[in-house]
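S.K.: Spelled out, the chains give:
Protein chains: 4
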Amino acid sequence: MSGNTLGKLFCVTSFGESHGPGIGCVVDGCPPGLPLATEDIQFELDRRKPGTSRHVTQRRESDTVEILSGVFEGRTTGTPIALLIRNEDQRSKDYGEIANSFRPGHADYTYWQKYGIRDYRGGGRSSARETAVRVAAGAIAKKWLHQQYGTVIRAYLAQLGPIVVPFKAWEGVNENPFFSPDPDKIAELEAYMDELRKEGNSVGARINVVAENVPVGLGEPVYDRLDADIAYALMSINAVKGVEIGAGFACVAQKGTEHRDELTPEGFLSNHAGGVLGGISSGQDVTASIAIKPTSSIRLPGRSIDLAGQPAEVVTHGRHDPCVGIRATPIAEAMLAIVLMDHALRQRAQNADVRCPTPVIPGKVNR
Amino acid sequence: MSGNTLGKLFCVTSFGESHGPGIGCVVDGCPPGLPLATEDIQFELDRRKPGTSRHVTQRRESDTVEILSGVFEGRTTGTPIALLIRNEDQRSKDYGEIANSFRPGHADYTYWQKYGIRDYRGGGRSSARETAVRVAAGAIAKKWLHQQYGTVIRAYLAQLGPIVVPFKAWEGVNENPFFSPDPDKIAELEAYMDELRKEGNSVGARINVVAENVPVGLGEPVYDRLDADIAYALMSINAVKGVEIGAGFACVAQKGTEHRDELTPEGFLSNHAGGVLGGISSGQDVTASIAIKPTSSIRLPGRSIDLAGQPAEVVTHGRHDPCVGIRATPIAEAMLAIVLMDHALRQRAQNADVRCPTPVIPGKVNR
Amino acid sequence: MSGNTLGKLFCVTSFGESHGPGIGCVVDGCPPGLPLATEDIQFELDRRKPGTSRHVTQRRESDTVEILSGVFEGRTTGTPIALLIRNEDQRSKDYGEIANSFRPGHADYTYWQKYGIRDYRGGGRSSARETAVRVAAGAIAKKWLHQQYGTVIRAYLAQLGPIVVPFKAWEGVNENPFFSPDPDKIAELEAYMDELRKEGNSVGARINVVAENVPVGLGEPVYDRLDADIAYALMSINAVKGVEIGAGFACVAQKGTEHRDELTPEGFLSNHAGGVLGGISSGQDVTASIAIKPTSSIRLPGRSIDLAGQPAEVVTHGRHDPCVGIRATPIAEAMLAIVLMDHALRQRAQNADVRCPTPVIPGKVNR
Amino acid sequence: MSGNTLGKLFCVTSFGESHGPGIGCVVDGCPPGLPLATEDIQFELDRRKPGTSRHVTQRRESDTVEILSGVFEGRTTGTPIALLIRNEDQRSKDYGEIANSFRPGHADYTYWQKYGIRDYRGGGRSSARETAVRVAAGAIAKKWLHQQYGTVIRAYLAQLGPIVVPFKAWEGVNENPFFSPDPDKIAELEAYMDELRKEGNSVGARINVVAENVPVGLGEPVYDRLDADIAYALMSINAVKGVEIGAGFACVAQKGTEHRDELTPEGFLSNHAGGVLGGISSGQDVTASIAIKPTSSIRLPGRSIDLAGQPAEVVTHGRHDPCVGIRATPIAEAMLAIVLMDHALRQRAQNADVRCPTPVIPGKVNR
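Protein chains in written order, with the UniProt record's numbering: chain A, 1 to 367; chain B, 1 to 367; chain C, 1 to 367; chain D, 1 to 367.
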């Protein structure tokens, strides 16, 4: 595979550039019989789409998805599901000036070095616009996992710049522009973002993602462990620089007696493992956390070089998110859903002749 | 693939259990003509092998590797290189009692749920013993990368439990049992480990790994990004719970002006990106950091259940590392080497007709 | 992968049904810098498209291709190239009656058994319409191979039902509706086809395909041999029941002294091997031959069963090719091109540090 | 993957050279719980092994297999099964003279061109010795398929040089050195082979392979069709130059009314399709036929060139099969078994929520 396909049995092959005719994907491996309509996908796309508040990019894209194949009379047929989203609001002229120089901290330089040619308009293939495709494909995975196992996958903003956002409740997460799980923090977040926008700067964020009702037994050690594939999928999201499963980096300072999740007949007593033991899901909630860097596309000038290797000062005009982390919330959910569905299919191939010998033990969630 | 193969063009297929006849792998995709001898591999295995100090497991394994194929008259032939390490010191009787119950925090439970059968002796396939295979395969990747590009890959202990170990120098890292980059910390680490061993407990660790002289242009966006594949590879190491690239989680609180690495004709001015921009290597050092949990195999009793789902108290006798993080140092190097070699081969397939238009810009290393 | 992706480094992921919104594919892995325009692809599509003579299906499809991504300012960028062909002339009502029964010899029955749901209109995914996608992707491979190595890939009709068509010359093959390499046979073929159409029956065919100027060294033994991958690719074309490389089944009655292709400093003296030795290209012409069955979609009634398992008589109305083999000519070329390009990329990954020690020996072609 | 791995979910990764320490493979993806002993594998190896009659190579190899992993207390555990066969009877000195020249019709030349280095002893990696590995892995697939579905896979010699061998009965096929399904032909075959050996020449053969009790629904159109994967697997066997499914090349001269297999509620009325429709198994017997070329390793001198490109006369001394087709019989069975098991696992991933709506229709076998 050449790098634009995700998954082994539930395969998402992505295409498209920020300012080309459109973006989309082919989803191959969805089992037949799943009820699927455009609305199922559009619902998730609308959660990610730009222009929904003053805190995100003002590019106006309806992100309308068309299902080109794989669905017949409202149900999936087992054949590839192709999805197409036409690009609409392209102000390519904004990018004329970056055609000849490299935004610091951006993929401009590495695409140029790797390919010797690049569609510089809006970042081309490296644009976060591609993540709409992930959200679209993830919508199918989410629906299938919920139908099959009752799995629910949700994410929230856990930190924005210096502001730590404690988890209070899932209710309301989708009703504020920050995916904040604490309604009391919204005013502070708004004030911070307004200030940041005025300054012309950007900032990082942390997103936590949780899958509930995950079947036990998903993951193929020793390399395609569930946590390894989650790390791959989450790290592949634009701007992500770190991934944690369960306790994550906190485990460095933990002792074995603290970290190990003890079991009782009633269930696990803690979930430092984040729902994965030995690379295999334990039936507890799968929990992960990601760090998203501040975008490099900012109005404040930075030192760089041009195509000729000469010094250049770069200012990004275009329309950008001052905190790309905010809109990463539905993307993280989508990526986790795709990985879980892929592993659920892989496990179905293996265990048709093996019965789980004991009922799945419910576990306490450490969120 | 069923989960025991790593890589797309440089493929490592691993096999073996802790207390079976042996462990090993097939390395497929190594280009022909690389000088390769048993000693090249044995050197790296000896860095990881058990029983080298009182701070690691006392299992005595010579970890002697045999090359079964793929090398002729001292050079690789382009055909699969099979490596075999026979198991020697197996005290399987130590594990009789865990045959019927699950060590908390261990893969015992999930393997049982997934497969309905498990080789419980020493953890079977989930044992860290499998990582010897990774080190063996990684030795080939390291040698090839060095021969082709002068790439050097090294790792060190950055934290052990509460003790942060600052990077001082590469010299001496391999001359102490902790892979400490600061000789002045060794006494403190020894004292801490002696105490821990007496207590019968275990502790976590953080390892930093760095690749120097990495060619620019490695990585296949948008999914098989270099950083995504590194995250996958490092998270697949036993006990790893978190992976960072470059600034990692520190980027959450950074602003764009701080995080972006500015460029000048003389090179990058910083390396918060960890050598990867847009999923593609920039020519700067590739830097990653991993969190390793405290092992669950400890002498202190823990609550668990048995195969019948009844309460059980579990104490692990066997011989285990009180801090598995220590021996993870050569493993992290090996995994990074395998990923880099795989992507180097992938890039060679793509860019034979494309010349890098500017010389690679050397970058400042933030370690 | 879930079965709709072809290739390891040059990957074609196909989608679409005969009577859905459209068909298309994502081509991932084309190196950057290849000049590519819609016309390059349209040229090959027009060679395959329906309705061009009275001897093929009368469905009227312009088969107009749109490039959705991966090309910037007339050159490939190294990112995925998505191609879309909208369906136009869909007479779905013709298929109402086969919704409830299975055409004998057709995929109706197996799709139903496999998926439990099928888009029966025009055969849905199993329709030969999908082969337009292969021709489109193959056009890119053909162009790249020609640009890089001067490789030329051509096919011709070698037999139609009882009529054997001897190879006379490449000139004229594309100027007659049968891809006949012998202009003197055209009248006989026309008369036979007119008779067949009147009868309402169909017939089989044999197509030969030849690649000239193939680099030496392509093929990855022992499983992904060049000939194995060619067999896979050609057998995956709808209606193909047999594949030969070089002498093919004639080798059963040959002796070693006859079959082996002797070498002299001036080149090979024969080409029974069909350009592949030990799974690796020898630099001689790669030659293959395929058998295409008579289509099952015919006007003459056949015995079958309906969804309830009851006897049913099936007559296919729709518009079909009486000899699907004719239009298979450009498809066979496309499939061979895709396989050769994939292996050329794979070989480039391997041999950058190995020089071919002797010049490629030109070989005599046995066609 | 780099070419030595077969299968997507049931993966066989092969290694080893003819005159190295040994050959073997890693079988990854076998579901847990299958009873498996060395004897199961040894039984099949003994059917293929050299030196069993005067009509095959006189190399003496016990082909003793060792299971290195993946089996615990007599059952598979779901982890990789590594198999090792040590080489014993190596007369490498026989090959000294071919170190400097290329046997015509052999892989010597292409390995040299591809890799720039080759283990020339006994053909190295290109030796038919590698096929023992396939037979070993196939033994596992055969056992699993039989346990799960009652599938039986058998092959026989259908033609040897000019002698066509009609199918009479399965009984006795394994009791004669030719795998002849007609006991009355054995004397003729013996006389022919004795003559051939005396002459110092070799000859081709045709092998037919049949799988009975194949579940309906196996195969992943449009590329990973069951027949495409069978063609790949069979063409990858050393010396195979042609593959047919069902009627094969006979379909070229057939009309649609003849070829299509009509259905009745009692079953199919014929099996020209060879058990595959639209790339998916129909529940009928899967039938395939392969053409095997006469080996190039013969005593009669042939024209060739040496490493310097100068003319050379080549005579092969070593010990070789005058008809490699004979021993290909168990290999063809193994390859078909591996493909069927791989597709059975893939189908299990897809259809857990889909019930086959009608009972499988038994079909008449055209053998």
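Take the hints with a grain of salt, since some may be wrong.
Think about it this way: if two alpha-carbon atoms lie no more than 27 Å apart in a straight line, the pair counts; the simulated DSSO-like pairs of lysine-lysine are [stated by the list, open to error]:
#: 1; chain 1: A; residue 1: K185; chain 2: B; residue 2: K185
#: 2; chain 1: B; residue 1: K255; chain 2: A; residue 2: K255
#: 3; chain 1: C; residue 1: K255; chain 2: D; residue 2: K255
#: 4; chain 1: D; residue 1: K185; chain 2: D; residue 2: K198
#: 5; chain 1: C; residue 1: K185; chain 2: D; residue 2: K255
#: 6; chain 1: A; residue 1: K168; chain 2: A; residue 2: K185
#: 7; chain 1: C; residue 1: K198; chain 2: D; residue 2: K168
#: 8; chain 1: B; residue 1: K255; chain 2: A; residue 2: K198
#: 9; chain 1: D; residue 1: K185; chain 2: C; residue 2: K255
#: 10; chain 1: D; residue 1: K185; chain 2: D; residue 2: K168
#: 11; chain 1: B; residue 1: K198; chain 2: B; residue 2: K185
#: 12; chain 1: C; residue 1: K185; chain 2: C; residue 2: K168
#: 13; chain 1: B; residue 1: K185; chain 2: A; residue 2: K255
Not everything, but these chain B residues come out facing chain D in the computed CB check (under 10 Å) [said to hold, decoys possible]:
#: 14; residue: G16
#: 15; residue: V26
#: 16; residue: G29
#: 17; residue: G51
#: 18; residue: S53
#: 19; residue: E61
#: 20; residue: T64
#: 21; residue: G78
#: 22; residue: Y120
#: 23; residue: Y149
#: 24; residue: L300
#: 25; residue: P301
#: 26; residue: G309
Honestly, the hints are just simulated from the structure, not real lab data. We put the CB at the ideal spot given by N, CA and C, even for glycine.
S.K.: Hints first: check each against the structure and report whether it holds.
M.R.: So, going through the hints one by one against the coordinates:
1. A/K185 <-> B/K185: Violated, because 42 Å separates the two Cα atoms, which is more than 27 Å.
2. B/K255 <-> A/K255: violated (34 Å)
3. C/K255 <-> D/K255: Answer violated: C/K255 to D/K255 is near 34 Å, above 27 Å.
4. D/K185 <-> D/K198: Roughly 20 Å separates the two Cα atoms, so the pair holds.
5. C/K185 <-> D/K255: Holds, because 20 Å separates the two Cα atoms, which is no more than 27 Å.
6. A/K168 <-> A/K185: Within the cut-off at roughly 11 Å; holds.
7. C/K198 <-> D/K168: violated (41 Å)
8. B/K255 <-> A/K198: Holds: B/K255 and A/K198 sit about 14 Å apart, inside 27 Å.
9. D/K185 <-> C/K255: Holds, because 20 Å separates the two Cα atoms, which is no more than 27 Å.
10. D/K185 <-> D/K168: At roughly 10 Å apart (the allowed maximum being 27 Å), D/K168 and D/K185 satisfy the hint.
11. B/K198 <-> B/K185: holds (20 Å)
12. C/K185 <-> C/K168: Satisfied, since the Cα-Cα distance of roughly 10 Å is no more than 27 Å.
13. B/K185 <-> A/K255: holds (20 Å)
14. G16: Status holds, d = 5 Å.
15. V26: Holds: closest Cβ of chain D sits about 5 Å from B/V26, inside 10 Å.
16. G29: Holds - the Cβ of B/G29 comes within 10 Å of chain D, reaching about 3 Å at its closest.
17. G51: Because about 23 Å separates B/G51 from the closest Cβ in chain D, which is outside the 10 Å limit, the hint is violated.
18. S53: This hint is violated: B/S53 lies away from chain D, its Cβ roughly 29 Å from the closest one there, beyond 10 Å.
19. E61: violated (16 Å)
20. T64: violated (14 Å)
21. G78: Holds. Min distance 4 Å.
22. Y120: holds (9 Å)
23. Y149: Not OK, violated: B/Y149 not within 10 Å of chain D, min 20 Å.
24. L300: violated (29 Å)
25. P301: Status violated, d = 27 Å.
26. G309: The hint is violated - B/G309 has no Cβ within 10 Å of chain D, the shortest such distance being about 20 Å.
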